[in-house]
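2 protein chains.
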Amino acid sequence: MDALESELSNEEMILSFLAEGGSDFISGATLSDKLGLSRTAVWKHVETLRKLGYEIEAQPSRGYRLLQVPDRLTSLELSPLLMTRELGRTVHHFESLASTNAHAFELAQDGAVHGEVVIAESQTAGKGRRGRTWVSPPGKNLAMSVVLRPEIVPARAPELTLVAAVALADTLEGAGATPGIKWPNDVQLGGKKVAGILTELSADTERVHFVVLGLGVNLNTEPTDFPDDVRELATSVLEAKQQRVPRALFTSALLSRLEDWLDAWQAEGFGPVREAWKRRSTILGQDVLVRSEAKELRGVAEDIDETGALLVRVGERLERVLAGDVEQVRPRKS
Amino acid sequence: MDALESELSNEEMILSFLAEGGSDFISGATLSDKLGLSRTAVWKHVETLRKLGYEIEAQPSRGYRLLQVPDRLTSLELSPLLMTRELGRTVHHFESLASTNAHAFELAQDGAVHGEVVIAESQTAGKGRRGRTWVSPPGKNLAMSVVLRPEIVPARAPELTLVAAVALADTLEGAGATPGIKWPNDVQLGGKKVAGILTELSADTERVHFVVLGLGVNLNTEPTDFPDDVRELATSVLEAKQQRVPRALFTSALLSRLEDWLDAWQAEGFGPVREAWKRRSTILGQDVLVRSEAKELRGVAEDIDETGALLVRVGERLERVLAGDVEQVRPRKS
Chain A
141 MDALESELSN EEMILSFLAE GGSDFISGAT LSDKLGLSRT AVWKHVETLR
191 KLGYEIEAQP SRGYRLLQVP DRLTSLELSP LLMTRELGRT VHHFESLAST
241 NAHAFELAQD GAVHGEVVIA ESQTAGKGRR GRTWVSPPGK NLAMSVVLRP
291 EIVPARAPEL TLVAAVALAD TLEGAGATPG IKWPNDVQLG GKKVAGILTE
341 LSADTERVHF VVLGLGVNLN TEPTDFPDDV RELATSVLEA KQQRVPRALF
391 TSALLSRLED WLDAWQAEGF GPVREAWKRR STILGQDVLV RSEAKELRGV
441 AEDIDETGAL LVRVGERLER VLAGDVEQVR PRKS
Chain B
141 MDALESELSN EEMILSFLAE GGSDFISGAT LSDKLGLSRT AVWKHVETLR
191 KLGYEIEAQP SRGYRLLQVP DRLTSLELSP LLMTRELGRT VHHFESLAST
241 NAHAFELAQD GAVHGEVVIA ESQTAGKGRR GRTWVSPPGK NLAMSVVLRP
291 EIVPARAPEL TLVAAVALAD TLEGAGATPG IKWPNDVQLG GKKVAGILTE
341 LSADTERVHF VVLGLGVNLN TEPTDFPDDV RELATSVLEA KQQRVPRALF
391 TSALLSRLED WLDAWQAEGF GPVREAWKRR STILGQDVLV RSEAKELRGV
441 AEDIDETGAL LVRVGERLER VLAGDVEQVR PRKS
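Protein chains in written order, with my numbering: chain A, 141 to 474; chain B, 141 to 474.
Calculated from the structure, these hints are not laboratory results. Keep in mind that a hint or two might mislead.
A pair holds if it fits inside one copy or across any two, identical chains being indistinguishable in the list.
Stated by the list, open to error - When the alpha-carbon atoms are kept at most 20 Å apart in a straight line, the in silico DMTMM-like pairs for lysine to aspartate or glutamate are as follows:
(1) 191 <-> 368
(2) 191 <-> 456
(3) 280 <-> 400
(4) 280 <-> 226
(5) 174 <-> 187
(6) 435 <-> 408
(7) 332 <-> 369
(8) 435 <-> 291
Produce the complete structure using the sequences and hints provided.
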């Protein structure tokens with residue numbers, strides 16, 4: 141605890157204590173003691189926090205209590221909530237970035253460690269799969285990239301997309317929603333896309349140097365926040381549940397679930413991830429049309445294999461699909 | 141031809157014409173005509189070339205002829221020899237670099253096109269497989285990295301290591317040597333390593349963004365150029381053939397072979413590469429010990445599969461090895 145606390149700023153520590161206190165007041169004397177600061181210094185840090193949007197009530201006889209946290213995703217908001225060992229212990233926060241994945245990739249090349257996180261309130265050139273763009277209106281959603289340094293061969297990197305999908309689905313379920321997963325990386329609510337994952341890597345043919353896991357989640361967007369062509373296909377937790385999501389809480393919960401699933405994956409391999417993924421799948425057993433750059437396949441989505449590839453039954457053949465878009469279709473009349 | 145020539149410098153064009161002429165003289169008038177330069181300008185460019193180490197004979201009545209080319213690998217030496225369409229059309233040459241692969245990776249991230257080449261006369265931190273170093277004494281060998289932009293899924297990237305191995309073996313054979321290939325990337329002469337390949341990539345899980353193919357070839361090193369521990373395991377073409385290799389000629393031949401094999405691989409897939417690789421293999425059918433980070437395997441190297449993985453027969457089982465070191469061992473007594 142000491143080592144950890146020493147890396148937090150005084151503001152972060154004050155917020156930690158106030159958050160722990162809940163609706164109770166924490167006396168200025170207690171804060172001054174715990175932080176080893178004068179009461180005046182404590183008061184100055186509280187003023188700084190107020191300027192950043194924190195509503196902190198102060199009563200001379202009782203002390204301070206936290207009434208309202210601003211809807212931002214800096215380490216000030218996240219640190220007091222984080223239960224993780226490694227993920228999110230360093231947060232690089234930006235009001236706007238071209239792409240969180242591109243920035244995280246650069247940080248990783250410059251030596252960013254396992255678990256460092258890049259978050260942007262808005263992306264001007266957010267990246268989706270297959271060179272597509274990802275729309276993220278400012279301040280309403282989560283656009284986050286996590287640097288990971290797993291010791292694996294590059295062929296295992298696609299497993300991480302499914303690890304992330306399962307962590308995302310668990311977190312959405314924790315927020316009261318009922319998510320499904322469409323291979324390979326779409327997390328859905330009510331058949332519409334609520335979250336996407338873009339896994340990028342730097343590797344040689346034998347070892348992954350690092351992975352950047354990009355997670356885009358539509359949290360508090362209204363239908364009108366999306367362009368027309370996206371609106372039909374996309375949804376948000378707000379739209380599905382008619383309730384706003386506290387973004388910092390969601391983000392810290394997601395990082396915890398992700399760390400748990402990464403631990404399980406390291407310890408037990410892809411098996412448990414695969415099983416959890418299959419339970420959430422919206423396409424297994426369904427008639428599907430799979431489009432990839434090379435070809436189009438129509439058949440039944442039968443399984444995912446031990447590498448995360450989709451197995452599609454086409455008549456007698458079982459086709460292994462490494463990349464592509466899947467669409468559910470009506471069964472052919474026989 | 142015009143488009144190509146317009147990208148060459150005047151020095152490169154003069155060298156081209158002189159090289160074409162062989163032991164014949166090319167008149168100053170001809171050069172002046174072909175280049176659209178005054179005879180004085182031609183003479184000045186010839187002087188520049190002489191300063192760079194080119195021996196050019198000049199006779200007032202007959203013109204110029206090329207006697208000797210300096211042993212360097214800039215585009216001045218390579219351009220006149222290059223028969224390729226794309227590979228090596230741009231050469232980034234350095235007297236010394238930490239690592240040609242690391243530099244090529246940066247260039248690729250900044251937009252270097254398919255076929256751009258990085259060459260260093262010496263590397264101070266040359267990279268080998270599995271985080272090892274690669275020794276390359278100045279001016280004697282080839283340390284080259286090629287930027288490739290194939291449209292493939294990342295799982296296919298290991299095939300490129302085998303494409304390069306086959307191209308290297310063909311080039312060595314063209315130089316009069318008898319190469320063998322040890323899985324995955326050692327090219328050997330007389331059982332000792334003469335060349336290595338390090339394939340690095342930037343990708344998302346569905347598409348390769350770019351590949352950097354690092355090729356290290358021991359050409360003119362003497363045994364005493366290697367540290368003691370390397371000497372036992374390494375050789376050079378000079379050591380094997382007792383003859384110096386013209387480095388620029390070797391490099392341009394290698395780029396041609398590589399382009400040919402890449403073309404075949406694009407057009408026909410991995411099949412032809414795999415067959416050529418198997419013909420050169422030193423380990424197929426042999427008893428081997430395979431060491432990877434995860435485990436040690438002892439068995440018979442039976443085949444390489446359609447992804448380039450090594451298949452090792454261990455009793456009844458056929459194990460698929462994605463990464464590791466292979467060592468030939470004596471068969472177990474049965």
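Hint check results:
1. 191 <-> 368: Neither way: residue 191 and residue 368 sit 37 Å apart in one copy and 66 Å across, limit 20 Å.
2. 191 <-> 456: neither (66 Å within a copy, 71 Å between copies)
3. 280 <-> 400: neither (26 Å within a copy, 52 Å between copies)
4. 280 <-> 226: Neither. Shortest intra-copy (26 Å) and inter-copy (47 Å) distances fail the 20 Å Cα cut-off.
5. 174 <-> 187: Within. Shortest intra-copy distance 18 Å satisfies the 20 Å Cα cut-off; inter-copy 78 Å does not.
6. 435 <-> 408: Between copies only: 16 Å across chains, 34 Å inside a chain, cut-off 20 Å.
7. 332 <-> 369: Result: close within a single copy only, 13 Å intra versus 61 Å inter.
8. 435 <-> 291: For residue 435 and residue 291, the Cα distance is within 20 Å only across copies (14 Å; inside one copy 33 Å).
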